[in-house]
Structures are given as C-alpha cells and as structure tokens.
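Chemist: As a plain string of letters, each chain reads:
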Amino acid sequence: MSGLFVHTWWMSHRRLKALLRNPGLVVMTLVQPAIWLFLFGGLFRKVAELPGFGAASYVDYLVPGVVVMSAVSSNMWSGMGVIDEIERGTLNRFLVSPVSRSAILNAGVIEQAVSTAIQSLIIILLGRLAGASYPGGVLGVVVLAVASILLGAIFSALSSTMGLLVRQRETIIGLSVFLLLPLTFLSSAFMAKSLMPSWIQNVAAFNPLNWSLDTARGALAADPDWQAVAVHGGWLLGLAALMIWLSTLSFRSYQKSI
Amino acid sequence: MQTTAMNAVEADSLVKTYPGGVKALDGLSITVRPGEVFGLLGPNGAGKSTTIKILTTLVRPDSGTATIAGHAVLSHPDRVRRVIGVVSQRSGADPMASGRDNLVLQAHLYGMRGAELERRVAELLDRFDLGDAAGRQVRTYSGGMQRRLDVALGLVHRPRVLFLDEPTTGLDPEARAAMWEEIARLAGDDSLAILLTTHYLDEADRLAGRLAIVDGGRVVAEGTPEGLKAELRGDAVHLELREAPDEQRVRSLIAALSGIREIVFDGRRLSARADDGAAAVPIALAALDQAGVPVAAVTVARPSLDDVYLRHAGRRFAQTDEPVTAGAGGAR
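Top line first, the protein sequences correspond to chains W and E. To convert, count from 1 in the first sequence and add 12; that's this note's numbering. To convert, count from 1 in the second sequence and add 172; that's this note's numbering.
Incorrect hints may appear among the rest.
To give an idea of the chain W side of the interface with chain E (calculated C-beta under 7 angstroms), a few residues [claimed, not checked]: (1) T20; (2) W22; (3) A30; (4) G101; (5) R105; (6) L107; (7) V108; (8) V111.
Read the hints as simulated data drawn from the structure, not as lab findings. Glycine included, every Cβ here is placed at the ideal spot set by N, Cα and C.
One chain only, chain E, in its complex shape:
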C-alpha cells in the first residue's frame, strides 16, 4: 500500500447545517499527514465533533469532500471504516460486558479470528494495563480504566488513522496525565496518524505536532503550536496595580518605554506585549514607581495558545462546560 505518499486525512470545504439552521461547519478544510498527531482546538460548538462525525462516516456533509488514507468518505464509507479507529467522547464500551468481551467482539467485527485475535486482545489488555481487570464488567472500571479500554477498542484492528474526540474530558487530573502519556506513546508509532479534538489549550499544546484552531465551523489558524505562538512575537506582561489607575496617564507612561506595545487595561490589570518580557519588567516597574503608581503583582508569560486564539477568533478562549482544571488557562 502506498502509505507514505498519501495523506492520512484530507478534508476539503466541509459544510454541515443541522435542522433548525445551525451551521456546524462552514467550509472547514484540514490535512493530516501520515504518522502525525493533529489537534483540532476550539470551544464547544466550534464544529470539532461534527468534523469527526463526518470523517468517521457517521454523518454526511451538505457539501465538501474528505478522504481517509486515500478512501473517499462519501463514496466508500465501508473502506474508510476498515482503516479508522474511533475513540468518541462517550465511551461506547458495553458496561455489562467484561473488558475482554468488549475487545473480543470488536475484533470479530473487524474480521479477526482464532489465534491472531487472542494474541491481539491479550496484547492490548497488557499494554493498557487492563490485564487484571479483563474479566470484570466494564461498569466496575474507574474513569481512567474505561478510557484506556476505549482507546484499546479503537486500536484493535491496527487502524491507520485514530480519531480521539476529547479523550480527557471528564477525567480527573491523574487519569488525564496518564492518558496524555498514552497518546504521546501512540504518537511514536509512525504508521498511525492521530486526529485529536480538544477544548483544552494545554492539551493541544502538549500533544499536537500540528493543530488547527476552529471557530464558527472553520479553521481560523493552523500550524505547529510553537509556530502559532511565535507569530505573536513577544511575551505577555501582566501588571496588577494596587489601585485603579488613571488609565491615560499610565498608558502614556508605559507606551513611552521602548519595546512595549499593545497595552490593554482591564480594571486594575494592565496587559501588554513586550519583545523581551524579562527586560521590560524592571523598566516598567521603575517607571511606575517613579510616577507613584504602586504595583501589586507582575507576571511575564510566553505567548500561549490562548493568546493565539484571541488573535484569530477575536475573543478569549471559553472553557465553560465544566470546572476548569489546573493549568487549563493556557498561560504556560
């Protein structure tokens, strides 16, 4: 098979409108190369899940085309289904069956049998650390164990493209870290491309080799996490003043300093961008001190994906669906 030349996923101008006129996708195009981890980053409702549903043959787009490992999603869904593995947001494992039974059934559905099947199931149980729990009903599994089983189910038939739809949503921090490790391990397999959707900035930052920021059903920015952040040029400097400032006065004071720009006030908080944050802070502090404006706190941060999102989507990244877990703010 001509694996290397062919892109793992190619989606071109996908449009999908749901009944009621909700436009889920508005001309979304992405390309995932063989062996890479590609992240689709966006808030809920941005169109990530709809993209996955189209690419995994669950839903037909209104217009646009897509191929998976060279197979057209619309005209040959049966071929596509043989080369994809899907780990969806909802588990999909049968809670009343054991972990092993779930894997065995999945393997049968992909036409595996006999010794090959036994070997593959044992291998996956072992690899995902489910060996001891293999005979237990899945409903007795912890959240992390269930998620590992889901990934194992998606890998049974050695797919060429693995879809991970928000793989860590709802996991506790420990299970989340373990899942990250597992995905990083999967990324080491050059024959497997991974399309990962997430609404966690840090998850995309950490796992994706390349990512696309999705907003309003289309891709608004695309590149490596580092590249996207580098486009922003400079560090974010945040100053928290002790009392509400005379904005105009403080603004002109800071703007006069070289290498500091894009000054934004938000109550007592002042944010700006600096070519070299570490160098800019003492200068700014000295200037403010001299002017008699007391400063309560200072932070300097490398540009985060949140900043990238702000730049391209025109607003802050909203992670509103559940309590934000540690580190999800994006400032790293």
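Bound-form chain W, shown alone:
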C-alpha cells in the first residue's frame, strides 16, 4: 500500500514536472477561452437582456460555460499522450518495472485534475477581467473548479481508453471534433435553459457537460441551490468513477494485446 502511494507520488511528479516545463502549452490552451470570453461574450452581450434570461450580465453567465467547455476540450487530448507513451515504449518500460499498475493510472488522473484546476482558475480570473462577478464567492468558484475537474476526468478517461484500445491519433482527433461543440451547444453553456428549444432541453438533461454547469451555477448564484449542486455533482462523480474504472479495464486489455 505504501508502495502504491510512493509510486503514485513519483509517477505524478513526472507528469506534473512535464506540465511545469511547458508553461507555453498552458498559455496556448487559454487562447480559445479568452476568445470565447472577450469576443463571443462581447458580441452577444445583449443576450442577457432577453426576457427570462435571468442573469445580471452575459459574461457572468458565460464564465462557467467557457470553463467547462475548456475542461472537455483539453482533456479530450489525453489519449494522444497515451499513444505517445505506447509508441515510445515508455509505458512498457514502466510495465516491466515493479511500479504498481494502479500508480500509472493514478498519475494520469492526478495530472489531469491539477492541470484542469489550474486552467479553470485562470479562466475564472480572465472572466473577472472581462467584467464577470461571482456572487457565490470563493465557495462557488471552488465548486465550479471541482465540477470542471470531474467533467474533465470523464473525457480524459474516455480519450485514454480510446488511445489504449484503438491506438490511432485520428480516433482521438475525431472524438474531439465530434463531441466538443455538440456537447457544448446541447447544454446551457451559452443560453439560459428556459430559452432553449424544448428538444435541446431534453437532450441536455443527459449531457454531462450540462450537469457540470448545473452544479457550478447552483453554487455560483447569490442564493446557492445546494440541492442542485449535490444532485448534479453526484451524477458527475458517478460517471467519472465509471469512466475511470473503464479505463482501468482497457489498460488490462492493452496488456493482453502487446
């Protein structure tokens, strides 16, 4: 057990160090969110004036949407890293060492959580620059970050699973292209739920990206709706656990296919 802990520590250390070594990459991943916040947010500023929209300003409304969308977007690439490590032989190097198998997976989840947290907090700060306010305070911001970490975990695990099973970069790219925008537009990321067509409302109820928005907006409101936070957060947590478990299985199937 202590072996698992020590190995998880060192394997995570490796990945976080790689993250630190490449701060440029973090900046790159912030270009898109900045465009959404400043340009899209500016362009559609008057949307908030629609009757029944229910938010003080559009940027206030937009920030959680951009945060969770970015979480999906960046985590959807984790399968690429998996394919790189397989092709380079790095994964096999770990598998022939005494390192705990779970530690290899844990490190992936931890790196994903840390990078998503950093990314989310920076976007929240950018949102502040764009004029957004967060009535739910620090607690609301923390819930938003946690929700985006859980959402990221779901798609990171999905992407890693595809990487381990299919081992083709095209599949990872395809996954991102096919999922990111539909998931975003079939949710309340950019438009208040009550103003969405009813079919989109129905679809959005099953969309994990929408669950994370319900969780975050519930906590960010001036009068937080903790029940909504708990219910939707619970769904997110459950799906994240399921996906991570699936990626564990696919890891085993990789070992059988070497």
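Got chain W; can you put chain E on it based on the hints?
Modeler: Chain E in isolation, oriented as in the chain W frame:
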C-alpha cells in the same frame, strides 16, 4: 542468495499464438547461465521479441514455463521485475524530461532513495558519458546518447539479468561500434547475465558467448559462435566466372579435385566448401584455366553464421528491414 547455482534464464517450451493465428513461438526453449552473454539470433518475425516480452513479464505465453534467476515469470512477475533490466527496441525514455530526471524516476520506481540514489545516478551518468548532457531534455540527444541512456535506465537497480532487444538497430555505424564496446564491457561483469537479441549476424558473432538461432518460433541451432561454425567443417570458396559456364562440365571438373565438395551454381557464381580453402584455390584455378574457363574473382571465407543459418533454417539469412550496414553480410 544462491546466484551461482541458478541459471539466469530458463525458458521451457514457450508457445505463443497471437490473435489471427500467427504463431510467434512454437516450443522455444533456452537457458542462459549466470554472467554470460547469450544471443538470440534470427530475422524479424522469428520470435525473438515475443520471447523477450514473455521473459520480462509483459506477455503471458499460451503454454510453457520460464524462470529468471529462480523466480517463476508466470506466478511471481513482481519478483522477476526486481531482478531484470530491460532495454527494449523502442527507447522508453521520456523525451521531454532530462536524462537525469529519467534516471532518478527509474531509481525511485525500484525503491531507491536518498544518498544511495544520488550516487547511483551520478555513477551511471558518468559511466555512460552523459554527465554533460544530464540536465538536457532527452529529445535533444543523439541516437547514440539516447541508446546509452536506455542502457543506463536498464541498469539503475543493478539487475541480475539484462535484456537487450536489438540494441543497435537504427544506430549509425559509429554509435553501433560504441554500443558494442559498451556491451562487451558489461559482459565483463560476472554477476550480470545478458540476453541479447539481434538480426545482425556480425553482432551475434562478436558479442555473444553462446547463441541460439531462432527460426519460426523455435531454436534451430545453439552453441558458441565458433562451435556452430566449426560444425560446418571447412571454408567457403566462391568463384566468379567471366562468362556463364557449362555447369555440368565445370561441376565435374571441380568435383574431381580432392577436398572440395558441396558445389552450388548461381549464375556465374560458383560456391563450394573446402577443408582447406587456401590450398584448394590454386588447384581449382589451375584446373579451370587448363579447361579454358576464365575466372574473374575468387574469395575464400571462413564459415560464417550466415552459413550456419543456411544449414539449419534451409535458407539464407534475410536482413531485409533496412539498408544493410557494412559488414552485416556475415562473411568474416
């Protein structure tokens, strides 16, 4: 630990069939003794890499057993992993991390720490001449440097058995020669057994104390390089004739000479085996000259591993995966 009595590697009747019915191993058995360099020689697809994957706990065989330094690969892979070092075909080093970081992580994974770890990492960086580049990202390393780092990574925890899977494939001749030197140096360490796979005949010939020729997933010949070649008895004599010969006539002419046998024609080339090549050449040349068959070139070669392979596998050794580097033909 009872190191001397125990074989470094024992593999018995390994069978592995991949999905799709490709039989990678078909009853392969080898024994590697402590402290020796054992070569697995065979063309691509012969089953060398699959053998390594099974012995290093990456893959389970369909049947058969294997032990590494006394630990059963199938029932105690965790123990096996502590006593093996693996340098696989693909580097495995993290290109975005520095050489030192790679070594430090590897040492941590084997439970090393503190001053012992620092000392070991420094020692390996120094020994593999990576000291100056230790802080640089591995992606900036040359092919030879990367390969040296790979070997260092495999040695961090002082393994009892080191697996080198085609260690020089893809290296330029200079880096290849340097790697050979390094392996020869490692071979001097009596506590380390090395299992080396290669598809270069000259590499096996030069580095392996004993070797097994693998073909179709099984061992077709085994012994020391010298012993295997000596089994063939006699030198190879190759004559290149100036024009296409009347095969029957030339054959009977040469066959009449004493000490020459196994005559094979290939266009204008004639190959034969002679007990004493140097003595046979002038006799053969004189006989051909007298018969009015002009000769363009003559070579005499000691039996090579290529000849051994031809004898046991029934065909010439194919080194087809990349441009053949100098000397890879096997005639030495």
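Chemist: Min Cβ distance, L107 of chain W to chain E: is it shorter than 7 angstroms?
Modeler: Interface hint status for L107 of chain W: holds (6 angstroms vs cutoff 7 angstroms).
Chemist: Classify the hint on W22 of chain W as holds or violated, based on whether any CB of chain E lies nearer than 7 angstroms to its CB.
Modeler: Result: holds, 4 angstroms to nearest chain E Cβ.
Chemist: Does the CB of V111 of chain W sit less than 7 angstroms away from some CB of chain E?
Modeler: For V111 of chain W, the interface hint holds, since the closest Cβ of chain E sits about 5 angstroms away, which is under 7 angstroms.
Chemist: Checking hints one by one. Is V108 of chain W an interface residue toward chain E, by the C-beta closer than 7 angstroms rule?
Modeler: With a minimum Cβ separation of about 5 angstroms from chain E (threshold 7 angstroms), the hint on V108 of chain W holds.
Chemist: With a cut-off of 7 angstroms on the beta carbons, see whether T20 of chain W makes it to chain E.
Modeler: Hint violated; T20 of chain W Cβ to chain E Cβ min 11 angstroms, cut 7 angstroms.
Chemist: Verify the interface restraint on G101 of chain W: the C-beta must sit less than 7 angstroms from at least one C-beta of chain E.
Modeler: Cβ of G101 of chain W sits 3 angstroms from chain E, so the hint holds.
Chemist: Does the interface hint hold: is A30 of chain W within less than 7 angstroms of chain E, judged Cβ to Cβ?
Modeler: 5 angstroms, holds
Chemist: Is the hint on R105 of chain W kept, meaning its closest Cβ partner in chain E is under 7 angstroms away?
Modeler: For R105 of chain W, the interface hint holds, since the closest Cβ of chain E sits about 3 angstroms away, which is under 7 angstroms.
Of the numbered hints stated above, the single one contradicted by the structure is hint 1.
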